[in-house]
Amino acid sequence: MALIDKMEEQLRPPEEFVNVEYPAKYITLATGEKMVIRQISREECPIALEAVKPLMDVERDFYDIVAVRMYAEILGYMRYRVKDEYVFLGTINGEIVGIVNGRSVNAQLGMSYHTIAIRQGLRLGAQLFAAKMEYHFDFLNQDEVLIVAESPNGFKRWMIEYELESRPEVWHELGGVPTYVLTRALWEKHKPVKCTGRRPVPEELLAANIPARLPGAYAQKK
Amino acid sequence: MREVGIVGVGHTKFGRWNGSFLDQAATAAVEALRDAGVDLAAGKAHIDQVFLASMGVGQVNKISGAASALVDTINLRPAMAETVENGPASGASAVKLAYMAIASGMADTVLVVGAEQMRILTGWESTDFVATMSHPDAEYPYGLTLPSFAGMFTRLYMEKYGLTETDLAIVSVKNHENAMHNPCAHIRLVPSLHAITEDEDADVINPYVADPIRVYSTCPMSDGAAALVLTALDTGREFAHKPVRIAGIGQATDTHVVAERPDPLDLFAVRESARKAYEMAGMGPEDIDVAELHDAFQILEIVESEEVGFFPRGEGAKAAREGRTRVDGDKPINTSGGLKAKGHPVGATGVSQVVEIVRQLRGEAEGRQVKDAQTGLTTNFGGFGNNVVSIILTTKEEG
Amino acid sequence: MMELYAYRCDACGELHHPRHFVCRKCGNTEFTEEVLNGKVRVLSWTKVYNLPEGYMQPYLCFAIVKFEDSGLIVSVQINDDKPYIGQEADAAVGVVKEAIGKDFYGFIVEPIAV
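For the record, the sequence lines run as chains U, X and A. Per the numbering used here, residue 384 is the first one in the first sequence, and the count goes up by one each step. Per the numbering used here, residue 3 is the first one in the second sequence, and the count goes up by one each step. Per the numbering used here, residue 5 is the first one in the third sequence, and the count goes up by one each step.
Among the hints, erroneous ones may be present.
Below, in silico cross-link-like pairs of lysine-lysine (DSS-like), each with a Cα-Cα straight-line distance of 27 Å or less [what the hints assert, rightly or not]:
hint, chain 1, residue 1, chain 2, residue 2
1, A, Lys29, A, Lys70
2, U, Lys539, A, Lys29
3, A, Lys101, U, Lys539
4, U, Lys572, A, Lys106
5, U, Lys577, A, Lys106
6, A, Lys86, U, Lys572
7, U, Lys574, A, Lys51
8, X, Lys15, X, Lys162
9, X, Lys373, X, Lys244
10, U, Lys389, U, Lys436
Think of the hints as simulated: they come from the structure by calculation, not from any bench.
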């Protein structure tokens, strides 16, 4: 690691509450393709940034706001400016098909940031979102996750399908819409029909997915 | 009665249309007119009547009298024009009305356009939009939707005939495979039968929409437009294509309230519309070389294939399992990809089905062509079977 | 308590639900309302996950049920996560759709514990 000067040291947040790595898993999609979901380190952030960039000007379905914010969040993580953040990639044969991120507020509380499905039509977003909830509840052992939605699709997918509790008195870092909460009880209720995948990822499959590649095409851009 | 044939077809790429409703309708219309060799210059098109089929142009796009706008933007004034709304059967209804207009002598050449824009709505808005075709007191306010009825219907059919979720998936995979050869299809991926039925992840990646119906046994929400040029065969007017003759059209209604049907598994209007179309054509199910059946849910393709007389009651799924409904089978169904994979822009669907049959009968269905296809059937299903139109097209001479 | 009705034809006695303008049997247009309630039996059911706009819940169960007394068959909401064909239920009436200023009442049948 490069030498860090004293000032930079002052600027970096301590890492406290994302002390468990998310173990990679894979899901067989409807096409029979295998999507690998894995946590990435700072070294892999540049390609994740490149992958969201083309969506920054897609107004439809709020891709622009989600892409711009996710870009800033991943950059913040990469340059040590967000505390306790994590980023997961979804890849098929190494190609990035979706990205999710979030962070830990404290040992008991998680905060969901954003979910982007780059490849459409295979319900990848739902799988990636479920993976980060799995991380908060089953690996970080947190009690609750704060969630907001920025699009009607997000609202339908998360708030309604997971029956999230409304908690408008708590402010989510993303601001804007009122906060909702996924509690452990709700997670346990919905997990069987929302969360799937297998571990460990066979070595060969994992090798085919590292390093990650940029998406070939963006249907959203058409 | 005058004979009527189809001399022009047009079809947008189904899926998402990034433009206005009228542009989408006009795109299909102009393609059909050009396909027929019609001159679009002012006063030279000689189109007497335009029917624009759409379920949602008023409700969703907030355009009333849309046919007038269409006629103007594609320069067909002073043609007669009407918008036709008959739920998801709007398209085939418009074809029927065009036939009536020509057969009666009121018109010689008619343009039919079916168009729908569903993806400007969120998923739950479009679910609500489609549900407005259910009974306004006894069904719609309950939150009952078309998938709800299809789910309850499928469960009963499973109980009675031993149908499985895998049977539905087999039909789905076949239609997705067909759609890969249709450049106008909405969904361009082929699900793996194993992945959507038996795989460990199957329950989550192919979740229930309306138990026992899953995502991969129901159609998507699509934008899309399709168009036809119909003409009288006795005018001597020359077109760029040899006409595909409309041999028969049948339509029937059933109880609007699904629960009021004496036999809940009986799709009477499908059977009756097909019977009337066969009778008018002087044909029977054995004459049909290729069919487009309204598979908004895969169960419907199976049951319609029985109701139109292709297979005995309860044996539609068996026929699909045996590959008889594949492009190379003896009764190919939904070579276009069907509503499942080609997409289902509701008001456009009935027109789109006829476009596919015309392409098959012209021998233009590249990659999915049914060998020596001479006669085809379309069944366009409105409501949950409360208003159904069947059409028979042929290249055979009359009699 | 809200009640829902069946409509008996004044001429031939045929029962209808919902209301028809013309009797489906004899063509008469006069009907008398009768309270429609009692025991029903589930003929088919579904659990629906893609609900239309206005329903803020992840799923709802629906059923087609037959009234034991009158034989009328209607579509209803059923207050059970896992209904089954042949299940017995009571035809309760409740708000099936909430709308500002105009809630809509319909059958929400309550399964009878076996």
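Consistency of the hints with the structure:
1. A:Lys29 x A:Lys70: Distance ~20 Å between A:Lys29 and A:Lys70 Cα, so the pair holds.
2. U:Lys539 x A:Lys29: The given pair, whose Cα atoms are some 45 Å apart, is violated under the 27 Å limit.
3. A:Lys101 x U:Lys539: holds, 18 Å
4. U:Lys572 x A:Lys106: Roughly 33 Å between the alpha carbons, so the hint for U:Lys572 and A:Lys106 is violated.
5. U:Lys577 x A:Lys106: Roughly 35 Å separates the two Cα atoms, so the pair is violated.
6. A:Lys86 x U:Lys572: holds, 15 Å
7. U:Lys574 x A:Lys51: Between U:Lys574 and A:Lys51 the Cα gap is close to 18 Å, so the pair holds against 27 Å.
8. X:Lys15 x X:Lys162: Given that 27 Å is the threshold and the Cα spacing comes to 39 Å, the pair is violated.
9. X:Lys373 x X:Lys244: Holds - the C-alpha atoms of X:Lys244 and X:Lys373 are around 19 Å apart, at most 27 Å.
10. U:Lys389 x U:Lys436: violated, 32 Å
Going down the numbered hints, you'll see the structure goes against 2, 4, 5, 8 and 10, while the others check out.
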